[in-house]
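Colleague: Sequences are here, hints too, so could you generate the full structure?
Protein chains in written order, with my numbering: chain A, 1 to 239; chain B, 1 to 244; chain C, 1 to 265.
Honestly, the hints are just simulated from the structure, not real lab data. Ideal placement from N, C-alpha and C gives every residue a C-beta, glycine not left out. Check the hints yourself; a few may be wrong.
To be verified - When the alpha-carbon atoms are kept at most 35 Å apart in a straight line, the in silico DSBU-like pairs for lysine-lysine are as follows: (1) C:Lys132 / C:Lys165; (2) C:Lys64 / B:Lys28; (3) B:Lys233 / A:Lys205; (4) C:Lys132 / B:Lys7; (5) C:Lys202 / B:Lys212; (6) C:Lys64 / C:Lys165; (7) B:Lys222 / A:Lys30; (8) B:Lys7 / A:Lys48; (9) C:Lys202 / B:Lys101; (10) B:Lys235 / A:Lys30; (11) B:Lys223 / A:Lys34; (12) B:Lys223 / A:Lys225; (13) B:Lys11 / A:Lys155; (14) B:Lys222 / C:Lys64; (15) B:Lys63 / C:Lys13; (16) A:Lys191 / A:Lys171; (17) A:Lys155 / B:Lys235; (18) B:Lys179 / A:Lys150; (19) A:Lys48 / B:Lys235; (20) B:Lys28 / A:Lys205; (21) B:Lys49 / A:Lys205; (22) C:Lys124 / B:Lys179; (23) C:Lys243 / A:Lys30; (24) C:Lys13 / A:Lys34; (25) B:Lys233 / B:Lys101; (26) B:Lys28 / A:Lys34; (27) B:Lys63 / A:Lys48; (28) B:Lys20 / C:Lys243; (29) C:Lys202 / B:Lys223; (30) B:Lys101 / A:Lys34; (31) C:Lys37 / C:Lys202; (32) C:Lys118 / B:Lys11; (33) C:Lys118 / B:Lys20; (34) B:Lys212 / A:Lys155.
Said to hold, decoys possible - So these bits of chain B aren't anywhere near chain C, every CB distance computed over 10 Å: (35) Ala37; (36) Ser89; (37) Ala234.
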Amino acid sequence: MPTFFERRQLVVPGDLLAEGDYVAGENTFKSDNKIYASRIGLVEYEDKKVNVVALRAFYVPRVGDTVIGTVVEVGFNGWVIDINAPYLALLRASEVLNRPFKPQKDDLTQVLDTGDLVVAKIVSYDRTHNPQLSVDEPGLGKITRGQIVKITPTKIPRVIGKKGSMISMIKEETGCHIVLGHNGVILITGKNPEDEALAMMAIHKIEEESHTTGLTDRILQMIRKEKEKRGGSEYESKS
Amino acid sequence: MSQKVEKLIDKRGLRLDGRKPDELRPIKIEVGVLSNADGSAYIEQGKNKILAAVYGPRELHPKHLALPDRMVLRCRYHMAPFSVQERKSPAPSRREIELSKVIREAVEPAVFVEYYPRTAVDIFVEVLQADGSTRCTSITAASLALADAGIPMRDLVAACSAGKVEDMIVLDLMDVEDKVGSADVPLAYMPNLGVITLLQMDGILTIEEFEKTVNLAIEGCKKIYAMQKEALKAKYVSVKEVEE
Amino acid sequence: MSAATTVVRVKQKQIAQLIAKGKRLDGRGLNDYREIKIEQGIIERAEGSARVLLGKTEVMVGVKIETGEPFPDTPNEGVLTVNAELVPLASPTFEPGPPDENSIELARVVDRGIRESKAIDLEKLCITPGRKVFVIFVDIYVLNHDGNLIDASALAALAALLNTKMFNYEVENGEIKLKPGYTPLPVRRHPVAITFAKINDKLVVDPWLEEEQVMDARITITTDNDGNICAVQKGGSGYFTSKQIFEAAQIAKEKAAEIRKKLGW
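Modeller: See below:
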């Protein structure tokens, strides 16, 4: 019952990963007792289970995920939200108004209009129905300021870092508030555009170098260096 | 265009571009070349220069075309007006409509279409320069663009033509060989399953010659398949080197 | 496959199970062809015409001849043009409008069989080299869709071409002058297309509609009078092994010979 790659080795669709008594995990499939990769990624063998950590993948909704989306349509009793997934999501009017929705009285565009950004949670989703969203929790709802960054959704865990080390470091160093959408969309709100730009720069660097080691340290160095450089200009603008 | 074509195979058994009968043209593949697309690939095979892009999975419009139990795969094969000797009208020709269909049907067996019901994936193929067997080169590129888009696949699909030129069975026909030769067999193959996903033929072949041609085309596909994998991995090689 | 033609799962299973036992829902064996009926010369206004019934599949072909310019790369040859219409009255799934990919593929597969087998002596259709030639329009009209439109259309196209009469003429100062009487269109080969459907990894010849609705893929192999292959087309989103293809080629050759013999071609 052999395996054909080393752990963390790069594989592509069709690569034979293991043969025999193995279980096909994420981004793999089994055919004739053989396990193949179905996506580009890094192979992981844990006991009898073979997984591929995808390097290229799109966001697939999951109940409980926090996502950041754009209103693309104001409907009769709710909004259609683009959440950067194969399916558009629905946000019901009653969810936002926190009371029954009265079609005669309520003008939905006053609450959320096309182009508005929202932070929301996925409350239901299956193969036959589009995801439904909720904003019924603190921190969720319409976004009024800040910057949006989009990255490959599979790289969100890297932005979070081990036990949240990466994200807390960035927050601390830049003084920005950061919301990570599981759908690869990130909201950054800082005291000023300079701080936001710094956080954005850090996140882009993480995306580019997500598979390298010592990343947290390098990002920290980068931020500090940038702050030093900017320190001068900030002073000038104040005077 | 000249009516009389020089001999396609010389005394030493070599072809006009110096290739042996079973030799592929030089192939260059690059993956992830377009930033807007979800997946993309560029390929040069001889003078063929072809770009493929994939968008999706995404919601299908118009909505009634969506299928409840699977994704809809769509494909548009298109030739740039400047891709051939005499300017080609940019309006889709009947040939392009047929090729769009057979290319789609050649890559579809590789895609797990049942994973994402009610969605669509669009494949756009632009032939920037054509030099024979463009449908095969397009399939090779399209399957890489699908993989680059992160769409789950059973295997990559590699495609290659073979045919009969001056009583010889040869691999990977270029334009003159296709036009003047006596038969052309474009073929697409999924090496893991050992199955054929595109097969067409025009010309005249005996059954024995047909079998020989199909088998040669399969050998060509296997070689292209190795290059596809290499190209796909090349995009991440720098990443691998610094891996822990 | 549109929702309107979706075969219920029960039937799908039934078809597959029968085929595994070498049987088919309509009683045929795996390699049995449906009955072919051909009528020729049914449209007086056309230079040639035929109606083919393949089981319940019905296809009519009309041939019209006009004069026109030759293609620049074949200045001494007449021009063959094949077009197919999936007429809305033939099936609930056919929509009015310009030819879609299915009708274009159908026309091009039929065209390939006739062209590649050199069935028509196109050089005899040249009037003035490089200037004026006869253009043969073959219009395929599908009237009832009960599966295997390719084979039925190929048969109907050839039957119509065999039925086509050209008026006698002479050329005077580059102009065509009609003479009394007709001569048949120079048809010298008889390409016959044989289509297979792959269902549950088995091949069946001449699939009818319900089989087409459950098939994984199809393959059409056209052979000429010498048993050589002149056109191949795989269709559908499934696949074949090379062994299946080679088997199909053998059967196609035999079936086409049978059909030619039966029809006196």
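Colleague: Hint check: C:Lys64 vs B:Lys28, CA-CA at most 35 Å. Holds or violated?
Modeller: violated, 48 Å
Colleague: Given the proposed pairing of B:Lys20 with C:Lys243, does the C-alpha separation stay at or below 35 Å?
Modeller: Roughly 27 Å separates the two Cα atoms, so the pair holds.
Colleague: For the pair we were handed, B:Lys179 and A:Lys150, check the Cα-Cα distance against 35 Å.
Modeller: violated, 48 Å
Colleague: Does A:Lys34 lie within 35 Å of B:Lys101 when you go C-alpha to C-alpha?
Modeller: holds, 31 Å
Colleague: Checking one constraint from the list: CA of C:Lys132 to CA of B:Lys7, max 35 Å. Satisfied?
Modeller: holds, 30 Å
Colleague: Between B:Lys28 and A:Lys205, is the straight-line Cα distance small enough, at 35 Å or below?
Modeller: holds, 29 Å
Colleague: Does A:Lys30 sit within 35 Å of B:Lys222, going by the straight-line distance between their CA atoms?
Modeller: holds, 22 Å
Colleague: Holds or violated: are the alpha carbons of A:Lys191 and A:Lys171 at most 35 Å from each other?
Modeller: At roughly 12 Å apart (the allowed maximum being 35 Å), A:Lys171 and A:Lys191 satisfy the hint.
Colleague: Against the 35 Å threshold, does the CA-CA distance of B:Lys7 and A:Lys48 hold or violate the hint?
Modeller: Violated. B:Lys7 to A:Lys48 sits at ~59 Å, over the 35 Å cutoff.
Colleague: Hey, B:Lys223 versus A:Lys34, does the alpha-carbon distance stay inside 35 Å?
Modeller: Holds, at about 22 Å.
Colleague: Given the hinted pair C:Lys132 and C:Lys165, is their alpha-carbon gap at most 35 Å?
Modeller: holds, 19 Å
Colleague: For a C-alpha distance cap of 35 Å, please report whether B:Lys233 and B:Lys101 respect it.
Modeller: holds, 29 Å
The structure fails to meet hints 2, 8, 12, 13, 14, 18, 27, 34 from the earlier list, while all remaining hints are met.
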